[in-house]
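Engineer: So you can see what is in the structure, the chains are spelled out below.
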Amino acid sequence: MSNDFYITSILPHAGIIIKICRAYTDSQEDFEDFYQEACLQVWKSKDAFQEKSKWSTWVYRVTLNVCLTLAKKNKRRGYNVEITNQREDAENNSAFEDEDLNLLYAAIKKLSEIDRTIILLHLEENPNKEIAVIIGTSANNIAVRINRIKKQLKILLDGKIN
Amino acid sequence: MEKSIEDIWTKGFTGSKELVTPKISNLYNQKSKLLLEKIKKTYRADNNSILPLALLFGIGFSIYGKYLLVIYGVFLLISLYFFNRNLLKSLENIQVTNNTYEYLTSYRKKVNEIMTTTTRLLGFLFPLAIIPAVWLFFRDTEVYMTLINKVTTLKLGLIISGIALLFSILSISVYKITTKILYGNYLNKLDAIIDDLEDLNN
Numbered sequence: 001m002s003n004d005f006y007i008t009s010i011l012p013h014a015g016i017i018i019k020i021c022r023a024y025t026d027s028q029e030d031f032e033d034f035y036q037e038a039c040l041q042v043w044k045s046k047d048a049f050q051e052k053s054k055w056s057t058w059v060y061r062v063t064l065n066v067c068l069t070l071a072k073k074n075k076r077r078g079y080n081v082e083i084t085n086q087r088e089d090a091e092n093n094s095a096f097e098d099e100d101l102n103l104l105y106a107a108i109k110k111l112s113e114i115d116r117t118i119i120l121l122h123l124e125e126n127p128n129k130e131i132a133v134i135i136g137t138s139a140n141n142i143a144v145r146i147n148r149i150k151k152q153l154k155i156l157l158d159g160k161i162n
Numbered sequence: 163m164e165k166s167i168e169d170i171w172t173k174g175f176t177g178s179k180e181l182v183t184p185k186i187s188n189l190y191n192q193k194s195k196l197l198l199e200k201i202k203k204t205y206r207a208d209n210n211s212i213l214p215l216a217l218l219f220g221i222g223f224s225i226y227g228k229y230l231l232v233i234y235g236v237f238l239l240i241s242l243y244f245f246n247r248n249l250l251k252s253l254e255n256i257q258v259t260n261n262t263y264e265y266l267t268s269y270r271k272k273v274n275e276i277m278t279t280t281t282r283l284l285g286f287l288f289p290l291a292i293i294p295a296v297w298l299f300f301r302d303t304e305v306y307m308t309l310i311n312k313v314t315t316l317k318l319g320l321i322i323s324g325i326a327l328l329f330s331i332l333s334i335s336v337y338k339i340t341t342k343i344l345y346g347n348y349l350n351k352l353d354a355i356i357d358d359l360e361d362l363n364n
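Chains as they are written, first to last, in our numbering: chain A, 1 to 162; chain B, 163 to 364.
Quick caveat, the hints were computed from the structure, so don't treat them as lab data. Any given hint could be a false lead.
To be verified - Within a straight-line C-alpha distance of at most 16 angstroms, the following computed EDC-like cross-link-like pairs (lysine to aspartate or glutamate) qualify: (1) Lys46(A) x Asp4(A); (2) Lys151(A) x Glu168(B); (3) Lys150(A) x Asp169(B); (4) Lys46(A) x Asp358(B); (5) Lys165(B) x Asp158(A); (6) Lys165(B) x Asp98(A); (7) Lys19(A) x Glu168(B); (8) Lys44(A) x Asp357(B); (9) Lys195(B) x Asp33(A); (10) Lys173(B) x Glu124(A); (11) Lys173(B) x Glu97(A); (12) Lys154(A) x Glu168(B); (13) Lys44(A) x Asp4(A); (14) Lys44(A) x Glu360(B); (15) Lys173(B) x Asp100(A); (16) Lys52(A) x Glu130(A); (17) Lys165(B) x Asp100(A); (18) Lys165(B) x Glu99(A); (19) Lys44(A) x Asp358(B); (20) Lys173(B) x Glu99(A); (21) Lys19(A) x Glu97(A); (22) Lys271(B) x Asp357(B); (23) Lys195(B) x Glu254(B).
The shape of chain A in the complex, shown without the other chains (with noise of 0.2 angstroms):
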C-alpha cells in the first residue's frame, strides 16, 4: 500500500474505519489488527471499485466485511470467555474518553452484528436507502430495523445515561 494511497484515499475516511472497527473488538490490541486489516483490504479492492458508489460508502463496505469476517474467525477460534470478558470490562470502559460513548459502545457491541452494522451506519447519518443498499435490503426495512435498534439500545442503556 503506498503512503499517497492511505493519505489521499483512506485517512480521510479513517473517522469511521476506527468506530466501525471499535464496535467490533474489546482490545485495543484487537481494534489495532483490524484498522490494519481493514486499510489493507481496501487498498486491494481499489480496482474493484467501480464507481458507482460513493468512494466512502465502498469504504464501510470493505470495512464492515473486514470486521465481520475477522470477529467470525475470532469466535472460531474459541477466544477464552472469562479473559475476554475481562478485558472487555476493562478496556471497554477507557477506549473513550467521553463515558457516554463508552456505554454506547458496550450497549452497540451487545447488538447483533448486522444491528451493529446498521445502527453505525446510521448514526454516521448515512440516508437509509444507502444502507439499505449496502446491507441489501428496502429502505423501509431499514427504518423499521433502526427505530428497533433503537428501543433496544434504550433499554440497554437505561439508567445508565441521564
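Knowing the structure of chain A, use the given hints to seat chain B on it.
Structural biologist: Then chain B, alone, in the frame of chain A:
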C-alpha cells in the same frame, strides 16, 4: 433531559482524541508469524511421520527375515529424519529482524534452498541408496540368481541404471506432489505477503 443516541455519538466524537488513527506499522507481523508457524508445524509433522514409517519398515521386513535390509532401511530413514531436522533448525535460526520484509524474504529463500536440497537428495542420493536395498531384498532369490547367471554385465548395469532412474523420477514426482498438497497454500500466501510488502516499499 434524556440524550438521544445520536447526540451521544456526535458529542462523543467531537474531541479529536477519539479518532486518532493507529500507526500502520508491522502490518504483516501477526499474519506472517502465524503463517510461518504453520509452515514449521507442517514441516515438523511431515518429518516426524518418517519415524513410524521406519518402524513399519522394520517390522514388515523382519517378518520376511530380511534383517540386513531392516538395518539398512531403518538406518536410511533415521538419517533422513535427522537430516530434515537439521534443515528445520536452519529455518528456525533465521534472525528475526525488525524488518518483516527482510525476514520473510530470508525465510522464503531458505525454504527454496531446502526444497532444492531435498529434490537433489531424492533425485541422486536416494536412487543410489535404494539399489543396495533392492539387492538386499533380492540377493537370495531365484530371480536374482538367474539374472546374475544369464545377463551380461552391461545389461545388468543398464537394469540397475534403469531402476535408479525410475526411483529418481518417482521420488521427485512424489516429493513435488506432496509438497504442493502440504505447503502449496502456505507458500502462496507467503509469496502474496512478500509481493504486498514489495508494493508497499515501492
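Engineer: With reference to the structure, classify each hint as holding or not holding.
Structural biologist: How the hints compare with the structure:
Between the alpha carbons of Lys46(A) and Asp4(A) the distance comes to roughly 13 angstroms, so the proposed pair stays at or under 16 angstroms and holds. For the hint linking Lys151(A) to Glu168(B), the alpha-carbon distance of about 13 angstroms falls within 16 angstroms, and the restraint holds. About 13 angstroms separates the Cα atoms of Lys150(A) and Asp169(B), which keeps this hinted pair within 16 angstroms; it holds. With a C-alpha separation of about 14 angstroms, the suggested pair Lys46(A) and Asp358(B) falls inside the 16 angstroms cut-off, and the hint holds.
For the proposed pair Lys165(B) and Asp158(A), the alpha carbon gap of about 11 angstroms is at most 16 angstroms, so the pair holds. A distance of roughly 14 angstroms separates the Cα atoms of Lys165(B) and Asp98(A); the hinted pair therefore holds under the 16 angstroms criterion. Pair hint Lys19(A) plus Glu168(B) holds up; C-alpha atoms about 14 angstroms apart against a cutoff of 16 angstroms. In summary, the hint linking Lys44(A) to Asp357(B) is supported, as the alpha carbons are separated by about 12 angstroms, within the 16 angstroms threshold.
Of the supplied pair hints, the one linking Lys195(B) and Asp33(A) holds, its CA atoms being roughly 14 angstroms apart against a limit of 16 angstroms. Proposed proximity of Lys173(B) and Glu124(A) is supported: the alpha carbons are some 12 angstroms apart, at most 16 angstroms. At roughly 11 angstroms between alpha-carbon atoms, Lys173(B) and Glu97(A) fall within 16 angstroms of each other, so this suggested pair holds. Among the hinted pairs, Lys154(A) with Glu168(B) is consistent with the structure: their alpha-carbon atoms are about 12 angstroms apart, no more than 16 angstroms.
Annotation: proposed proximity of Lys44(A) to Asp4(A) holds, straight-line Cα distance about 14 angstroms (limit 16 angstroms). Using a Cα cut-off of 16 angstroms, the hinted pair Lys44(A) and Glu360(B) holds, with the two alpha carbons roughly 14 angstroms apart. At most 16 angstroms may separate the alpha-carbon atoms for a hinted pair to count; Lys173(B) and Asp100(A) meet this at roughly 9 angstroms. Restraint check: the Cα-Cα separation between Lys52(A) and Glu130(A) comes to about 12 angstroms, which is no more than 16 angstroms; the hinted pair holds.
For the hint linking Lys165(B) to Asp100(A), the alpha-carbon distance of about 10 angstroms falls within 16 angstroms, and the restraint holds. Proximity of Lys165(B) to Glu99(A) is assessed by CA-CA distance (about 13 angstroms); at most 16 angstroms being required, the pair is judged to hold. The straight-line distance between the Cα atoms of Lys44(A) and Asp358(B) is roughly 9 angstroms, inside the 16 angstroms bound, and the hint therefore holds. Proximity of Lys173(B) to Glu99(A) is assessed by CA-CA distance (about 11 angstroms); at most 16 angstroms being required, the pair is judged to hold.
Taken as a hint, the Lys19(A) and Glu97(A) pair is honoured in the structure, with Cα atoms around 14 angstroms apart against an allowance of 16 angstroms. A distance of roughly 14 angstroms separates the Cα atoms of Lys271(B) and Asp357(B); the hinted pair therefore holds under the 16 angstroms criterion. About 12 angstroms separates the Cα atoms of Lys195(B) and Glu254(B), which keeps this hinted pair within 16 angstroms; it holds.
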